[in-house]
Structure formats: C-alpha cells, structure tokens
Amino acid sequence: MTEDFIEESADVLSPSHRIKNEINNPSDSCVYGVLVRNATKTFGSGSKKCAVLQGLNMTVKRGSIYGLLGPSGCGKTTLLSCLVTLRSLNSGTIQVLGHEPGSPKSGVPGPQVGYMPQELALYDYFTIKETLTYFGRLYKLKAAFVKSQLNDRYVKTLSGGQQRRVSFAVALFHDPDLLILDEPTVGVDPLLRHSIWNHLVRQSVDHGKTVIVTTHYIEEARQANSIGMMRGGRVLVEDSPENLIRDYGLPSLEDVFLKVCLKDGGISSDEQSAEDVTSSNEAAPVETQIEPQPSESSAEVSNKIGKRTPNEKSDKIKSVARKRQSFNLKSSLPTPHVIGVLLRKNALVMIRNFGVFLVSFFLPAIQTALFNVTLGGEPTYLKMAIVNEELNLSQGRVCINNTMDCAYSMLSCRYLQYINDNIIQIPYDNVSEALEAGRNGEVWGMIHFGQNFTEEYEIRQSLGDSAKLENILRSRISINIDSSNQQIDAFLNKWLVEAFRDFSRGLLIACGHEPEAGYMPIEFTDPVYGRKDTQYTEAMSSGLIIAIIYSSSLILITGVFVGERQQGLVDRSLVAGVKIVDIFVGHVGFQFCMTICQTLTTFVVMFLIFKVPCHGSVALALLITLLQGFIGICFGMFTAAICDNTNGALYLTQANFLPILLMGGICWPVEGMPQSLQKVARFLPVTYGIECLRSILSRGWGIEMPDVYMGFLVSFAWIFGLTTLTLTVIRYRKFSS
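According to my numbering, the sequence shown is numbered sequentially starting from 628.
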C-alpha cells in the first residue's frame, strides 16, 4: 500500500460511481443531518445502574463536519453506536438524514452511513481488495466498481497506520451521505492525520457529505464546521470553533474545553489525564485558574444547545427501544444475497487460516482413529506372581514334564498352561514375597496353589457332595489381584475364570467324561442384538461419534463468532445493513457445511477403515449425527451471544462438555446413575441422540421405533429452542446494552 492511499481512495470514490440508492432521501429543505433530543442511555441495573447519556442534545447540519470532543469514557462511542442502531436509547429521539435510524426509509443501518469504529474491524486473512469486495457486495455495488485497482496485500501484513487507512476506506467505499468516524486518527502519524482531515473536508464541501468525527485531540478539530464538547453524558456546548474561541475569549479550543468543564462543575481526576484530552499540536500548558465570565452562568452554558435547535416539540421523551422492538416479519427474515456474501466470507476466512482449517477438517477423523487404536484392546504383558507349593522349592517351583492325559498329577501346572498368553507368569518361592512384589507394583497379582492341591482336588471330584469342607478349601486356587485399575482387574478375572473352565473341560475330555458336566447350569445363547464378543469400541462408537461432532461444531463456531464480536467485525457488518438473522444464518450455514464434512470423514474412518459394524440405515445414522452437530452449532452461537470475550466462551464450552461426556451415556449407561440424576441426564441435548444412533448401529432399528424417532424429535426441539434463545439474547443485548 502506498503512502497516497487516501488520495487514491478519493479518486476511486468519485461521484460518478455513486450508488443507485433505492431509499427515498429526505428533501433538500431538510438542513439537519443528525438531530438528537433528550437522549438517555443507562447500563446495568439496580445499585450498579450507570447513566452514560443524560438528556443529551446534539444538532449536526447536513453537509457539515461535526467534531465531537470529550475525554475517554464520556459517552462518545455509546452515542455513535445509538446513531447507527448498534444500541438503543432508554429514552429520547434520534433523527438521521430526516428519518429515525432503523426505519425502512432511513438507510441506517445500510448504504446511507459509513461507519469506522475505534477497532480496526478488519479480517486479517483478507487482502485489501478482498476486504473492499466483501463490503462492496454487502452494499450491492457494481462489480466494475468493486474491482478497482487496489492493493492485494494481506491486511495482517500491514502496519497499524496502513490498517487504519483500510478501515477508513471501508467507511468511504460505498459513497454514503453520512460518515460516522470514531477516533479515526488515533495512533496515526501527523501526515496521515492531515490527509484524513483534508479528505473529510473535500467530502463535505465537494460532495455534501455529513461527517461526525469523535476525537480527544482537541486542536485537530479546528477544521470541523461545528464542535460539540461532551462531558458526563451531555453535550455541554456546540458551535463553530471560531465562535467558541471568540465567545470565551481564549486562544485555543483546549482552553475553551477546560473552561466549559469548570463551569459544569470542575474536572474529575480521570479527565486530568493527558491520555484523555490531548492537544494534537502539543500546545503549551493551559492556565487552570480561569474564572467564568460573570455574564454567563453554568445553566446558560448547558442550555446553549436548546437555544440553537429547532422544533422544540420533538424534545418529548420517547421510548426508542419499544418502537424498534415491534415485530416486523420482513425485517426478521434472512436476506439471500447477504447470506451468500457472508458464506463466501466465512469460507475465505477459514481457508486463509489454513492451520485452523486443517485441524477443523481432520481433527474429528484423527480423534476417531485414536479412539479405535487406543481403546478396547486387550492389555498385554501383565505379570502375575505364581506361588506353586506343589513344586519342589529346590527346583525353583517351575513346572516341567507336565502331562495332559487322564491323570491327577500336578494339576496346578496343568491349569497354568490354560492361562491367557497376555499374562506373564513369574514364579515366587513363597506367598509373602509374592504379596510384597504386588505391593511394590512389580506384579498385578498372585496365584497360589496349596501343597496338596492335586490330591485335594481329586478327593473333591471323586466324593462330590460327600467331600469334607477341609478338602474343598484345600482344593481351591487362591488369587490376589491389584484392583487399582478396574479395566485390568476385569481382564485378569475374565482370563483366569476362562482358564479354569478350559482346564476342567480338558480334564473331563481326557478321562472320557462329558465335558458339559464341568460347566455351570447356565447357558448364554446368541444375543438378541450384537455379538457375544462385542468389542468395547463398538459399544462406545455411538457416543463417541456424537461427542466428537457435537464438540467440534460447538468449539469452532464459538471461537469464530466471539472473535468477530471482539474485533468489531459484527458491529461493522450490522451498520452495513446486515441483520442479526443474516449473521446467524451465515455462520450456522457455513459451520453446518463443515459439520457435514467432519461427519463424513468420521464415518469413513469408523465404518470403512476400522470396520465397526452398522446393522441399520447409514442414512439415518448420518442424519441423527448431523442433527447433533447442528445442536452443537446452535449452542455455540448461544455461548458466543452471552459471552463478551474468548476466555468466558472457552470456560462455558468446557463446562458444557464435561457433563455431556459423563452423563450423556457416552462413558457409562444412564441407567447406572441415581434415579434423580437420570432425569437430568435425559434432559441433556445428546442423550437421546446417542441412544438413537446406538439403536440404529447396533440394533438395526428404523425410524418407526420409539428410541429412534425420539432422538430425532428431541434434536429438533433443541435446535428450535437454542435458535430462538440465541436470537432473543442477541436482540435483547442489542437493545439493552
């Protein structure tokens, strides 16, 4: 970008390119660009209620430059946000270009106003041309006009001053009748500040633009046609710079501002800061002992505006918020053209931020692959201490020359041969050493055989019910297991029981007996659904798929939308005429496209690569998963609507995810919770969805089954509820913030 960017922009934005505005502009007889009467705006409630605007009056003539001066925190930005309908007044009236802002004929928000907020409000991953193209499409500019010869450098590579020039160009780009610039010269060099003011003067003089500029650099506002000095939520005085200096008999505007503040009741400690009110040309310090002229009272200073403004009848206090909150079906419907522009913008931002794009696109598939690789597998190399007192201690208690024939000889060694190979058998001389090894974490447990295990077992088998208790006790195998790890404990129990079952069956077969006689008189036949050896990954797959898609959608859209709000991009789009519902649909629509891609890759990994079985309709499984992802999107938009910063949104998403993980039936059945907690779990957005997907995948059920259609009904209910709640919160915060 060259140093002459402002000059180049002036050539590009010539009157020959003026937008064909369909809005009925007020007649030329209307000489006022902006009229504000008795404006009141408060924040908070109860004891924390704070009045930011207090009966403020402001008059801006059409085709003039109005400099709004005041210290930081006096309400300048709040006033401007009310002019462009980003906020609403508690009471009072506003007219912009002859109409109330937000009315169909006003063009505000929309093409009649160019707005430059304090924040840069630019997309870092756009080029300059793409930035202007985006806003040009919102304003429906002709393609030939949008494709002017502008720079292709990325905004994020520009210096701070260059970025502010781009932000300034965005405000001018569509040639509006009203320019509202919130401290456009903050942080720029004196040369650029001079260029900006010269361009504003040309826009006002040559093209009849109405310009409102806020600043706390007082002396730079000399180029304005009129100045309003603001303090404590009120415009204390407004007039031309020359008249103010002449009327107060002081050499500079800074002196005038100080005197006006003294007449209004002194200067607060905040206003004495050099950061709040600064002279742009670093003038000499002003004498603070300035006495008010006897002919002027403090009340007269405060009432100067009232003497100069017409139409006193318009000073009646009206509730602007109530008027704007009236339902308008047309204004509540999304605009297809705007949504198309927003979708293209969201796609370009995502693609340009390539790292985030790759993570967002492939992370669900990677998480699915990690789940299948790491969970559900059998543990290996589990060491177990073996204390076999049937063996000779001098031989190291090691089994040798074991027989598998029908012989009651060294049955302990015979049993050990049936133990799963995942268990590593470590011989120990005695029980105390084995137990000590277990306490030290060297082994996962101990298997102990008594000295006469084989003989006692033979007596027990031959005598049956007639065997004595002491024979029964001495024929037992004593097993101690480290149960600190529940999963390993479960596998060891399973393998050791299976080993004894196979040991008994093998001995009966070798002796010519019926092997079924060694089994318990309980038979588990084929399952109604699933398999006897259902894998852990298959059982958890339904919950995992929905948890991944839900959380991915939730986190991504929350971060994107909160980031745009913090950078002022949402406000800038709203001033350009974009509606809240357009922004909602644009973000939700793009994120849903991402959710579709994430769901497809997740299904490919789960069902094609890792062969997790699907016994039902793949289409139904896809649909319920997409609906659950859509719930995550809606909850993300709701989170972004109620949170003002990224940290708050991040904490809320984390607080949302953990209860869903624990109570939604992902890690543990809902039926395993206390009855009172089950009711809460059923209320969670994913619980019915997980049960629905599990019924489709594992049971093969269709939409006619209650567990399936309830999953769809509950999902639609959550989507509708969250969408309504989000739009309500955004609308409420707009009119109450």
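If you're looking for bench data, these hints aren't it; they were derived computationally from the structure. C-beta: ideal position from N, C-alpha, C; glycine also. Any given hint might turn out to be false.
Unchecked claim - Simulated crosslink set (DSS-like; lysine-lysine; CA at most 25 Å straight-line):
hint, residue 1, residue 2
1, 769, 1206
2, 732, 688
3, 783, 732
4, 732, 1159
5, 688, 675
6, 767, 756
7, 1238, 756
8, 732, 756
9, 1095, 1121
10, 1010, 1095
Unchecked claim - Simulated restraints, written as ranges between beta carbons of each label pair:
hint, residue 1, residue 2, range
11, 985, 658, 39 to 45 Å
12, 963, 825, 37 to 43 Å
13, 1144, 1309, 23 to 29 Å
14, 1106, 1310, 40 to 46 Å
15, 963, 1269, 27 to 33 Å
16, 1355, 1121, 50 to 56 Å
17, 1309, 1030, 56 to 62 Å
Inset, instruction - Enumerate the violated hints, using their earlier numbering and listing them in ascending order. - result: Per hint list: 3, 4, 5, 7, 8, 9, 10, 11, 13 violated.
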